[in-house]
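J.: Those sequence lines, one after another, are chains A and B.
Numbering-wise (the working numbering), the first sequence opens with residue 1 and increments by one.
Numbering-wise (the working numbering), the second sequence opens with residue 1 and increments by one.
Hints are computed from structural coordinates only; laboratory data are not their basis.
Fair warning: there could be bad hints in the mix.
[As the list claims (entries may be wrong)] Each computed DSS-like pair below joins lysine-lysine, with the alpha-carbon atoms no more than 27 Å apart:
| hint | chain 1 | residue 1 | chain 2 | residue 2 |
| --- | --- | --- | --- | --- |
| 1 | B | Lys25 | A | Lys231 |
| 2 | B | Lys25 | A | Lys53 |
| 3 | A | Lys230 | A | Lys209 |
No experiment lies behind these values; they were computed from the predicted model shown.
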Amino acid sequence: MKKLILTTALLALTAGASLAQTVRMGTEGAYPPYNFINDAGEVDGFERELGDKLCEMAQLTCEWVTTDWDGIIPNLQSGNYDTIIAGMSITDERDKVIDFTQNYIPPASSAYMALDAGADVKGGVIAAQTGTIQAGYVAENGATLVEFATPDETVAAVRNGEADAVFADKDYLAPILAESGGQFVWAGEEVQLGGGVGMGLRESDTELKAKFDAGITAMKADGSLNALIKKWFGDAVALF
Amino acid sequence: MFSSCAAPDTLQGLSWLLCYLTTGKHIDFYWSFLTVLTLLAVTAPTALAFGFGGAMMARSQYLALRIIGKGYTAMVRGIPDIVFFLFFVIALDQGIEWFMHQVRCPDWTDPIRNGLEFRVCPEAKVPNNSAAQLWHSVYGFVLAVITFALVFGAFAANVLYGAMQAVPREQLETAEAYGMSHGQVFRRVLVPQMWVFALPGLSNLWMILIKATPLLFLLGVQDIVYWARELGGSKTSAYAYPHPDWRLYYFLFLMVFYLAMTKVSEVVLARVQNRLSLGQATAAGEAQRRAAV
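One chain only, chain A, in its complex shape (with noise of 0.2 Å):
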């Protein structure tokens, strides 16, 4: 009995398997403004809308999926979804394990933000988050690490007093720092991580990676891609 209702179950989730494959696009939805989860619970963000874009240009059917950031990579790799579009910087050591597409964002400065702009960035604790180019960069140089498996716990970190510092993507801060009434400050200098943030997919997934690419392309051409950023990001960012 219990195997029918196994292999009817199976049925159930492989059936339609003839129509017309579907893109599952893996974001963490913890990140604003690149990607979050707004308050109708659905993915929302600069990625959404550079996403939802791109598959319109390649004509794909796209479905948003969120997971924890650290199993973001694996998860890829056994096929639970298609591409990583999740605000994940081309570096070296990742392009070993998965591929990227051209960078749709320009590569953009990390910042250490502190209850205090005196704060010892150097050789204090340093809050990042786990598997980020950040959090390497930290345990490189000397600070002492405190990782977090979200963004939001690395800067309630800073907040608590548990670390002197968070150290992330500055386009991620900044809106914090803005809105938290002067309680934050930036503190010691800005970082150049990173080759700017790409889409991420299966290395054997090279026909999905050149429409992606395509895409990129095309809107870095028409401009696009640049009032997108601006409307995200703010006047003051990089652009292409």
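Starting from the known structure of chain A, arrange chain B on it as the hints suggest.
T.: Positioned in the frame of chain A, the structure of chain B alone reads:
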């Protein structure tokens, strides 16, 4: 949800809070309680069935069955839950897809394992890529139930095995002396009497199962802990309802929920224990008999 919530920036005080608590995201949060309760409702009987099977095998007169039964309990009980949850689910998922791949795409020539990648033909994906997100969630949930049932089944098997051994030997011998077969003794004498011995152990397991439900998030099911963390985190004005770090309140709410769950369970289990002790040759049964006199 309400029409007055169309412009959240203009709301104040209580009406803001009311609108905030009824956003789509909060509705998802409330539904996730149902997910957890469903998991408990489905997993508990399944785990009990696994446990019963395991205990029966461990007592079997055939060596092969005994080895399977004892091996199952020993192996699963010995592996840390979190390792089991991380490893077994992926193995099960990939095993199913590998099987579907063999059935549906016999002509596929590319390797399935390619470095770190696991890649089956599109027709073999479970659930299919174009299936609605609902089916992906259901599939994740089913994997979760199977994993929970396997883990807790092993503990239940050990409890039930002990309970079966605890039934007084004379009872079984008397039944045999009346000419009952092996199966009849098992069904009519052993099983009805063992529950009273099994219940304390099983109720412990039930409590642990309640507390283990946050492991669901490891399996990719968006459970109450996931939503509490997501909703409680501080929100900038990129969201319609900006607020500072409210995780404390959300987790307090979860604490109340879990405490209430355990309290209700305790009350119910105490009643069941009372009921099962009726007429049993145990201390509790004896106390009941004296009180009734």
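J.: Decide, hint by hint, whether the structure agrees.
T.: To see whether the hints hold, each was checked on the structure:
The hinted pair formed by Lys25(B) and Lys231(A) meets the criterion: a straight-line CA distance of about 24 Å does not exceed 27 Å. Of the supplied pair hints, the one linking Lys25(B) and Lys53(A) holds, its CA atoms being roughly 24 Å apart against a limit of 27 Å. Taking the CA atoms of Lys230(A) and Lys209(A), the gap is near 25 Å; set against the 27 Å cutoff, the hint holds.
Consistency note: the structure conflicts with none of the earlier hints.
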